Amino acid sequence: MATALGGHAPGSDKARPWTFYALATLFGVYLLFLYGPMIVIYILSFQGENGGVTFPMVGTSLVWFKNVFRPDQMANIPASFERSLALASVVSVLTVVISVAAGLGFRRRFPGAAALFYLAVASLVMPSLLVGFGIGLGFQVLGIQAGLFTSALGAQLTWTLPFGLFAMFAVVNRFNRAYEEAANDLGASAAQRLVYVTLPILLPGILGVAMGAFTLSYDEYARTTLAVGSENTLPLEIYALISSQTSPVLFAVGTLTTGLSFAIIGVTLLGIRHIQRRRAAGTLGPYITS
Amino acid sequence: MTTSDSAAEVGRERRQLKLPAFRLAPYAVSWLQVSPLALVLVVLFALPTILFLVVSFFDYDRTGIYPAFIFDNYRDLLTTPATIRVYLSSLRFAVIVWAITLVLGFFIAHFLIFHVRTGMMRTVLFLLCAIPFLTSGIIRTIAWVPFLGRNGAFNQILVKLNVISHPLDFLLFSDFAVIVTYVHLFTLLMVGPIANAMAKIDPALLEAARDAGASRWRTMVDVIIPLSKTGIALGSLLVFTQVMGDYFVVKTMSGGQSASIVSALSTEIQAMQFPPASANAMVLIVFVAILVGCIMRVVDVRKELVS
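Listed in order, the protein sequences are those of chains A and B. Letter 208 of the first sequence, counting from 1, is numbered 207 in numbering that gives the first Met the number 0, and no numbers are missing. Letter 93 of the second sequence, counting from 1, is numbered 92 in numbering that gives the first Met the number 0, and no numbers are missing.
Nothing false has been slipped in among the hints.
With the Cβ distance kept under 8 Å, some of the chain A side facing chain B (calculated, not the full set): (1) LEU22; (2) TYR29; (3) THR157; (4) SER260.
Okay, the calculated beta carbon distance ranges per label pair: (5) A:GLY142 to B:LEU157: 55 to 63 Å; (6) B:THR79 to A:ALA23: 43 to 51 Å; (7) B:GLN155 to A:ASN172: 44 to 52 Å; (8) A:TYR34 to B:LYS159: 16 to 24 Å; (9) B:ALA270 to A:GLY265: 41 to 49 Å; (10) B:ALA213 to A:ALA23: 17 to 25 Å; (11) B:GLN155 to A:PHE68: 29 to 37 Å.
Every beta carbon over 12 Å from chain A, so not counted as near; a handful from chain B, in silico: (12) PHE56; (13) ALA67; (14) ASP71; (15) TYR73; (16) ARG74; (17) THR78; (18) ALA81; (19) ARG84; (20) ARG91; (21) ASP174; (22) PRO225.
Because the hints were derived from the structure by calculation, they are not lab data. Here the structure is a predicted model, which is why all the values come from computation and not from measurement. Cβ atoms here follow ideal geometry from the backbone N, Cα and C, with glycine treated the same way.
Between the sequences and the hints, there should be enough to build the whole structure, so can you do that?
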């Protein structure tokens, strides 16, 4: 969503005010605070074979990374990782479809809009564990087996959908409806208008929603734990590991996750840049020229 | 092949010709567009919440749960001194963390939006803030253990720099550690909405304020803060409710010294005592709803967002 942020760029010929240096320092300190412990776990993930979860380092090794990929009786990280990826992908797609539709729907006044809005806010602020508890309890009452793509998926949607909806409000607010009116005037059907005009213009924002939903799902713990049934997602597996024993394997997982995050962000940014290039070149057709 | 193609074409033409006859009222189109969202939220959020309400009045013993309409679960909960203590403790954490993340989040957003000059730089800096957010919250929480511990990185740095002579003990497994972890986890929830609100401020307004002789401070207090209040309200909502609903951070970082509302609840759930757990949940929901209602009273988030 970062790319969707506009900003105010004062003329670069002007001298920086003192507040710039003060705030830049604050920002730097915040980054140190943010990355300090992360860097510690990156380093400790290369801990030697006999080392523990704290300093000092006892030599260096890649044994903890190897252990991540080796299932044992404690945890099966590769399997739970695959489940997390699959679940996050499904959540991401559903969140995009549902929240984009709803974001477009909220542009008009309609009866029940206020009720639905507050329902979304309530779903967002509901203490996470309670959502999973409620859904788990509901499945139990109905006699349905809780599962990854039923109850856990539902529990995560109660979290990603309000986020997606709010992000879409921001995206839709910046959207100039004159493009749609122009499409109408040129005789486009509702479907053509949606596919050739509205969605392409909203695409960068939609990609942001997809990425956000994926991350929220991939990292979700508290909502999922009571609704997941017998198959753990990665965060649940990590949690199980913490409760049983602590070893630098966890840190290796953190290092790998960060690497993966960088990869996902990189791919998304490249995608957005690609779209902007194509747009600049006008290959999306005569519909979008800006 | 050709006949079916031409038949399809005729069909398409007919559909297009007929289209105006099927035109729905605008509100009905909106209904169709929001119906999947409404369905998911009603089935997966509203109904389970109603289920809590019902079950919270049920009776239970060691072997099962019995439909009933008794207030015992609520009475037991509300007359236990531990309940009040846990709520006060969580509320204290929430207020402290809210105040820190608000100030920090506001100034970081201010820096990103008003001081960074190029869009590219802004994106890069924003991503730098967001990347740790993508690592599991559990891992980010336990990352503080080797950092803050007695032999941790922070103490070693301070000792090497001769700032302190002995390692500090209060850093880990304390309220301090809990607050540090919360701030680490949740500041971005404040930065995002506030930056979004600030990005919408028309630069002409700031110029007008400067031309009218306002100092930087006055511009911030009288122009930027009022125009960012939606973002401030949304960020506050998120931070407050995340802290109130947390149990992992308190459990891990306080070293068992502090309790949280949800940890008591989770113990009851594990013991299959669903009626008292539901009563506990309902009290927490009402508490959070009052907090959220107060914030929404100050700022009409809906009016600002759905314009």
